[in-house]
Structures are given as structure tokens and as C-alpha cells.
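**Q** So the protein lines, in turn, are chains A and B.
At position 474 of the first sequence the residue is numbered 474 (our numbering), and the sequence of numbers has no breaks.
Positions in the second sequence are counted from 1; adding 1000 to them yields our numbering.
Because the hints were derived from the structure by calculation, they are not lab data.
As the structure is a prediction and not an experimental result, all values here were calculated from the model.
Glycine is no exception: its CB is placed at the ideal position from the N, C-alpha and C atoms.
One or more of the hints may lead you astray.
To be verified - Think about it this way: if two alpha-carbon atoms lie no more than 25 Å apart in a straight line, the pair counts; the simulated SDA-like pairs of lysine to any residue are: (1) K110(A) - L1250(B); (2) K131(A) - P1322(B); (3) K1235(B) - G64(A); (4) K193(A) - K246(A).
As the list claims (entries may be wrong) - What the simulated footprint calls covered on chain A by chain B, stretch by stretch (three residues with Cβ under 8 Å from a Cβ of chain B suffice, anywhere in the stretch; the number is not a length): (5) 56–67; (6) 96–108; (7) 116–127.
Given next are the chains, with one letter for each unit.
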Amino acid sequence: MVAIPLLDISDLTVEFGTRRGIVRAVEKVDFTVAKGETVGIVGESGSGKSVTSYAVMRILDRAGRIADGSITFSGIDIRSADEAYMRDLRGREISMIFQNPRAALNPIRKVGRQLEDVLLRHVQAVPSNAKEKAIDLLNQVRISRPEERYHAYPFELSGGMCQRIVFALALACRPQLLIADEPTTGLDATTQKAVMDLVVELTRARGMSTILITHDLGLAAAYCDKVIVMERGKVVETAPSGSIFKDPQHPYTRKLMRATPRPGITLRDLLPATDEEPPASSVVVMDGKPLLSVRDLVKEYPRQGAGATLASLFGKKAADAAPFRAVGGISFDVMRGESVGLVGESGCGKSTTSMMIMRLLDPTSGSIQFNGVDIGGLAAKSFAAHPMRPKIQMVFQDPTDSLNPRYTAARAISDPILRMGGGQSAAQVRARCEELARLVGLPGDLLDRFPHQLSGGQKARVGIARAIALDPDLVVLDEPTAALDVSVQAIVLNLLQELKERLSMSYLFVSHDLHVVHLLCDRVIVMRNGAIVEQGSADRVLSHPEHEYTRELLAAVPTPPV
Amino acid sequence: MTSIPSLIGVVIVSFLLTRVLPGDTATYFAGPAATPKALEEVRKQLGLDKPLPEQFLRYVADLTHGDLGNSLTTGQTVVGDITSRLPASAELTLIGLLLALLIAVPLGILAAVRQGSWIDHLCRVVATAGVSLPVFFTGLLLVYVFYFLLGWSPAPLGRLDIFFSEPPRITGFLLVDSIIARDWEVLRAALSQLILPALTLAVFSLAPIARITRASMLTALSSDFVRTARASGLKPITVTMTYAFRNAMLPVITTLGMVFSFLLGANVLVEKVFAWPGIGSYAVEALIASDFAPVQGFVLAMAILYVILNLAIDLLYGVIDPRVRVTT
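The task is simple: from the sequences and hints, build the whole structure.
**A** Rendered as C-alpha cells:
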């Protein structure tokens, strides 16, 4: 007996009208979701996975339209249903949770009121009992002190908490289908696990079907019954999640699998298999003297800003509590030619630490010795002119936002040379730019393009070329691959490794992705609440963690079964 | 509190500027036939023979007593002149702004919701026309059509027809005072005098408000939380008003403050066209007569108004946006 699927999509084609003509975002996509089933849609950016789900809800942008095919949801033809009917369906029968939960909530409306809006709209509550039901929902998604949180605004809640609220919104009317669009991207590993476990538990208990859209193969493998792999708007492979990772059929699936960082492999393994011998990695000479030496570094913030006048107008008392310790007296060394990973969850102080080393922030106390010079005591403002400044460079998290949109790639790369490289002629600067572009594998003809004309990977290369332009001794890498697709991440990580060996630089690699840290780093420092809980060689810490917290972090990362 | 230094700056700059301006007060008041001796007499009387720093010190000393000096043209104290004329300007500007809001905000919202439709184009045309027509032209046009051709509105001669007597002065706002006095005839008469100049100002201030409303509505409508609201099946009216518009209001309010403050000073021309006894025309007349005290008083009054306005806007921000309450 073949059960009728809850959702049946066949030959779905979605087109977008753009200035350069019609673009097909989704082409002839076929799949079904059975009742109670969890289906994962996996693909890299631009694969059309989100557009497919928006088409199911019929909430495409103005420019997008369903050009062909059919979507049937429990016997209803979604494509021809009228808008008023669709509005009844949305939220009540099909609901959705989104990436970036904080932005997905109305910033100036109490979360309880937002829940009530949905409850009242679908007649799940009447005004007299709406509050009670909203609090009940908060309870269901395990928000502690729900009566209090009912009155909270999204900015007062953590990212994981906001995602629970969005999830509560989606669950409010007990829909039959939940679409989760990258629900945990941007959340910490442990928060991700908590949120995903909650989603799975509550949807199973209600017999709901779920579509999980993600770029993370590990996540899909851990939580889905069936996985659909999409590439450039087309479905390339559909298989039960048990078999797809053991025996991927399509070359694209295999490529994705390879590129996903996992335990027990080397950086080289991330790239597509080639016959080429990997270049013999030269043994780095460590002379035993630390390049960077951080001692008892502390950063404190006052609890309340100085301009508390307006707040006091609203009856808020200025807190005179002890200052907030973002970084609480940490000490570590980075040797010459070594790469050190700084890992921890958001709010653990890893970014604050890297900002202090870059001397963008003034430490409250402690010392930072770089190349034997104490740079910790210098004011952040005057460090820009310090002779040590060119020797420390940074690669930023978002390759797009960290490039000036009005600078060409060449201008961006030459920026540090023009500012700190001494007087060089235009031709010299250009020659150096081209050399750097070759070094990071950026085709020379892309040098005169603007950031919006480059792909994510190319922009990452520009950011790296800019950082190494002045032959720095230390490069601080702040989650340089977090915004990239896995296949691009694989290439960038290999590039970083190769550059480090060729130019004998040291890396301080700030990341929350333990697998990536394991691949790139010699040594790992695990931070929590502003303190170091564990440090040691990457192999030791990540294979045999000693501290409870490190074990917890490792356990929370989903890995594809290989 | 932070506005005190800027107020001090305004006092100094307005004092210096009025001294630097060409034109000699004494010559103007002594008349064309004055002898040099008489001129000297007038100068001494006005304290203009003293060196600049001393004049300034005397001015500041008077200021601390709330004395802005006397107007030489009207013969009254500047404080008295301004307090009697400010309500006329404020009433006109407020009503003009209110009219502009009533037209521009819905227009901006509709233009954003139906982007690219005829209403969007209408919004663009209205906004462009609004800024490109000079106020005196709009004013004259309105007078020509509604008074001269159609005869619907009374003659543009001030705040109230001479056949009516002003209600007892309480706030200085004729509309409010006549309501307090329950004098509906006067209310009607005052309204009919007010409507054309207010409309003239409204046409002028429509453009920035409609533009900002449209732009910030477009941003709000394409934001993630509006997508969430739509995905939850909320009604379009709830999505547009409760979710999008309340968030889009913040930039609109900022613009409103700016529009209000420059309207207050810039409605001189409207006041001239409609013979409106406001402070804009008062200041211009004083300036032409090289009558320093009223000009300085006017600039100071504007600065104080501006400070109060900004405070009100900050407080309003706090009411609308919960984030402001904490982050300051």
C-alpha cells in the first residue's frame, strides 16, 4: 500500500525576473514528503533550496513566480489556491522557521504579543485566553520563566532563545508541515544541538512532517529520514539518509561529502581527488621563542554606559554591580610558524581577545608581548603608527562586509602597502598586487573588479591577499570561512595552510568549528566565559579532551557518518 | 543638558553676525535728515558707542534676567513681541505639518506596498512637485483659485477676519482658545483663515515625509520579521501596519523633526503672502531695519525650540523603540 504523501512537488520550476532577463532558480524539482517524515534538502548557496520552500508557502519575492509544475499539499493545489486561502494555510497548516532568528522577530513588539498575533489570527485563542496560551507555548519550547519572557523584546534574548520563540510561532497552530530554513546557522554547536533536538522531539510528538533546509551534511545526516541534494536549482540525488552518506551516487554529493570537515582526515582530503602529489610540507623551524606572548590579559566593561541619563528618565536604576569581565586574565603563547586555534562559544571572549591582540581594543590589564616588544601598554589609537603594526594582520569573518564596496580588488589588496609600506611607485605597488594575487590563486584579470562582481571564495582570497601584503609575522583569522560554502571553505583552508608554510607566518585562528580548527591548527585553546579551560596540541585536545566542557562541545557537533 | 553649549554658541554667533551685517542702526533710526550730532546722540542712547566686548557683556547680563532688549521698530520688548507672535507661527506650522502627515504617510505606505503601481508614481509626482514649487507661488496660486476665482475662502488677511473679536487669550493658539471659550463662530472663522496657508506649507513639507515613509516602508517590508509574519499567515493589514509601519516610523519621526524646525523659520514667505502675524515676518522686518535685538531674540527662540523638539523626538523614540530605552 502506498500512502498518499502530505506534500507532493512535481516538475516545480521557479523563475525570477531580473534586470538581465529571467533566471531559473529552481528547475523541474520533484520530491514528496510523507506524513511524519523528516526530509533534508542539502545544497550550497544558490542551489535553490530556500526558493523551493518559499514556493511551497507561496511567499516568493515580487520578482519570483512559479513557472511550471505542481505543488500538492494534502490534496490542495497550492499553485492555483487563491491568496486568502493561502493565508489561512500559512501558519495553520504549513509553518516555517528561519535562519537568523533575531531578525525574524519583530524587534519592537513583545515576543508574547507576536505569539498572540498568530494564535488570534488562526482562531486558536480568543483575546481573553491568548496570554495564557502564549505562555503555554513558551513553556512547550522550554523557555524558563515564561511569564517573564512573555514581556521580553527579541533584543533582550539570546540567539538560541529567539530561535525557540520563532519555533513556538511555527508550532502555535499545530501545523502538519514545518519548514526549517537553516534554523541553526549562526548558532553555537551546543545551542544548535539543543534547538534541533527540541524541534525533532516536538515535531515527532505531534506527528508533523519536517523539511530541513541546510548546507550542513552532518546536520542533515543526524536528523533526517531522507536527504535531497540540490545543485543549481536541480535535484541531483534523493536517498534515505542512512545510505546517502555511505554510498553517494552523484559526483556532486561526493564532492560535498569530501569537503565537509570531519575527524580523522587531513586538509588535503577536503579537496577533490587528484593524481597530483601533495607538495611536501616543509618542516617549520620553531626556535622556541614565542612570537606572541599574552600574560594575564583582562578586559572589563562597565555594566552601564556613562550616558545613563535617558535610562534613568524611564525609571531604570543605574546598576552599580561589578564590571563585566569579558576576558578574565588569560595567558598563552604563539610560537613562530605555529597556528593556534582559539575556540569557544559566542560570548566566551575569543573575539575580544583577538581584538586586543590586534590592538583595536585597550586591555584593562595584562601584557601582550609581540616580537619581544610590549604592545599591550600602547594606546589602541597610537598603535596604527607603531612599527610593529604591519607585522600583525587580520582576516575577517565576512569576506563581503570587510571589503570596501567602492574599492577594486587591486585597491583593497594594496591598501596596507599604500598606508604602511613606505613610498612605493604606482608600478611597484601594482606589481606587488599581482604577485600577491598569484600567491592566493586569484586570477589577475579579476584584480580590477569590484567586490560585488566577485564570488564569495574570490572575496575571501582578496581578504587574505590584503592581510599578507606586508609579510606579517602573525595573522589573526577571525572565522575566515564561516560565511563560505563547504567546497569553497575546503579550498580556502588549504590555501591558508600552504601560505603559512611558504611565508612562515603564525596564525591565531578564531573559530567555533572544532573540525576546522583540528584541520588547520597545531595547538588549540578552548575558552569559556572569558577563561581558558583547556589548551594543548590539537590532536590531543580534540581526540582526548580532558575538560568536561571540551567534551560537551565535541559531542554537540553533528558529523556525517562516513 | 548636552544642548547648553550649543545654546551658548548660538548666543555668541547671533550677536556677532548681527554686528557684522552691513547697515547702521543709528543712521536708520535718526532718519535721513539727521545731523552728525543727532546721530552721535542716538548712538550713545543705544549703547552702540561702546566697544564690542562691552556690548556683548551687557547683552549677556540682560539675557540672564530674561531680557532680550527692546525692538526699535515696534517699540515693544522683544520677549513680548515673540511671545505674542510665536503662537501664530507655531499654530500655522503645526497644522501645516499635520496636514502633510495625513496626506504623505498614507501615500508613502501605499506607494511602498504597491511598489511600481500608479499610486507609487503619484507619490513620486506629488513629492517632486511639492519641493519644486516655491511656497510663495503655491500660496498665491491657492489664494487665486480659492479666494479670487471660487470665493470659498476669506481674504488672506491675517489670523482672523476683522468682524470677529479674538477669544480670551489663554494659549495663544486661536483654535484652542476659541474651543476653550466655546465660541464656535470664531473657531470656524479662524479655521477658514488657517486652511490655505497651512495647505501651502503642507504641500512644501509633503515631499520629504512621503519619500522617507516610502523608503523606510520598503526596507521594513523586505525585512526578515515581515517574512515571518507573512509565513504565519497574518492578515496583510496587520503585516503592513503592526509589523512593517511601526518599525518604519522611526526614520519618519526623525524627518518630521527636521521638517518642523526648518518650516518654523522658513515660513516667512507664507506669512508674508497671507499677512500672518508670525515671528518669521517679524524677524525679517527687523533684519531689514537693522534692528538687532529682535533678530537675536528670534535666533535664540528658534534654537531653544529646536532643542525642545529634539528632546521630544528622543522621548518619542523611547516610546516606540524599546531598544533605545536601554542602549542610551
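**Q** So, for every hint listed, does it hold in this structure?
**A** Here's how the hints hold up against the structure:
no., hint, in the structure
1, K110(A) - L1250(B), "holds, 17 Å"
2, K131(A) - P1322(B), "holds, 20 Å"
3, K1235(B) - G64(A), "holds, 21 Å"
4, K193(A) - K246(A), "holds, 23 Å"
5, 56–67, "holds (count 3)"
6, 96–108, "holds (count 9)"
7, 116–127, "holds (count 4)"
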